[in-house]
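Below are the chains, spelled out letter by letter.
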Amino acid sequence: EAQVTQNPRYLITVTGKKLTVTCSQNMNHEYMSWYRQDPGLGLRQIYYSMNVEVTDKGDVPEGYKVSRKEKRNFPLILESPSPNQTSLYFCASSFQRVLSYNEQFFGPGTRLTVL
Amino acid sequence: DQQVKQNSPSLSVQEGRISILNCDYTNSMFDYFLWYKKYPAEGPTFLISISSIKDKNEDGRFTVFLNKSAKHLSLHIVPSQPGDSAVYFCAAGYGNKLVFGAGTILRVKS
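Protein sequences, first through last, are from chains W and F.
With the numbering used here, the residue at position 105 of the first sequence is 105, and numbering never jumps.
With the numbering used here, the residue at position 47 of the second sequence is 162, and numbering never jumps.
Source of the hints: derived by calculation from the structure; they are not laboratory data.
Misleading hints may appear alongside valid ones.
As the list claims (entries may be wrong) - Simulated crosslink set (DSS-like; lysine-lysine; CA at most 25 angstroms straight-line):
1) F:K183 to F:K120
2) F:K186 to W:K65
3) W:K57 to F:K212
4) W:K57 to F:K120
5) F:K186 to F:K120
6) W:K17 to W:K65
Stated by the list, open to error - Simulated coverage check for chain F against chain W, where a stretch passes if three residues somewhere in it have a Cβ under 8 angstroms from a Cβ of chain W:
7) 198 to 204
8) 215 to 221
What the hints assert, rightly or not - Simulated restraints on C-beta separations:
9) F:N172 to W:A2: 17 to 27 angstroms
10) F:F161 to W:T86: 23 to 33 angstroms
11) W:K18 to F:E173: 44 to 54 angstroms
12) F:V193 to W:K69: 39 to 49 angstroms
13) W:F95 to F:I168: 17 to 27 angstroms
Computed from a prediction, not measured in an experiment: that's the story for all the values here.
Glycine is no exception: its CB is placed at the ideal position from the N, C-alpha and C atoms.
Given only the sequences and the hints, what does the whole structure look like? Please build it.
Encoded structure:
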């Protein structure tokens, strides 16, 4: 089944404790991205990657890191999480590199709480 | 600065009637528009899209209308069904820039 998977689905952590949210897609998609969803703000892009070893900042990259060492995986790293990073996170992938003209496939989401 | 606005946080509609969800944008560079639907505890799924060279696109019960002069698009669902109850996000973009609205919660009552 074609899908985007994220782990963990739920995470409660404390300020400053490094964490990684994994994302994997099995559709051989070139483009992957991370979003956060906050009430009243919709989905905001954190980072994106157009191919292996190619990543770039989205609209809200502060406090996050990503890597793209393999085409299928795109982990999101929070080196020192803070409470304002409490949010619902989505990973997404897309077949083509020009984002806005193509539908994205989203993972099920990761609910992160930073105390 | 919210470039894509969905001014109605929620909408309630009777089963069988039309649902109209609205979206306004400010950036005249946007040339492609998409709607996504999201159920609780799931990721958004693509619903329908339209490019700026068109003013209407239909897919079954779903039709998207684009009014470029007003910088406004709308999603019509006819007839509405209880399974359509979800959060609907509009998104607008050009090139690799894509901006989502805050979403509208649609409740279809049976």
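Status of the hints after comparison with the structure:
Note on K183 (chain F) and K120 (chain F): the hinted pairing holds, with a Cα-Cα distance of about 15 angstroms set against a maximum of 25 angstroms. For the hint pairing K186 (chain F) with K65 (chain W), the CA-to-CA distance comes to about 35 angstroms; that exceeds 25 angstroms, so the pair is violated. As the CA atoms of K57 (chain W) and K212 (chain F) are separated by approximately 11 angstroms, the hinted pair is consistent with the 25 angstroms bound. About 23 angstroms separates the Cα atoms of K57 (chain W) and K120 (chain F), which keeps this hinted pair within 25 angstroms; it holds.
The straight-line distance between the Cα atoms of K186 (chain F) and K120 (chain F) is roughly 11 angstroms, inside the 25 angstroms bound, and the hint therefore holds. Taking the CA atoms of K17 (chain W) and K65 (chain W), the gap is near 14 angstroms; set against the 25 angstroms cutoff, the hint holds. Counting residues of the segment 198 to 204 of chain F whose CB lies closer than 8 angstroms to any CB of chain W gives 1, so the stated coverage by that chain is violated, three being the minimum. Only residues whose C-beta sits within less than 8 angstroms of a C-beta in chain W count toward coverage, and the segment 215 to 221 of chain F has 4 of them, enough to reach three; the restraint holds.
Taking the beta carbon of each, N172 (chain F) and A2 (chain W) are about 24 angstroms apart, inside 17 to 27 angstroms as hinted. Taken as a hint, the range 23 to 33 angstroms holds for the pair F161 (chain F) and T86 (chain W), whose Cβ atoms sit roughly 27 angstroms apart. At about 48 angstroms, the CB distance of K18 (chain W) to E173 (chain F) agrees with the hint of 44 to 54 angstroms. The hinted window of 39 to 49 angstroms between V193 (chain F) and K69 (chain W) holds, with their beta carbons roughly 47 angstroms apart.
Distance hint for F95 (chain W) and I168 (chain F): a CB-CB separation of about 22 angstroms, consistent with the stated range 17 to 27 angstroms.
Hint violations for this structure: numbers 2 and 7, all remaining hints satisfied.
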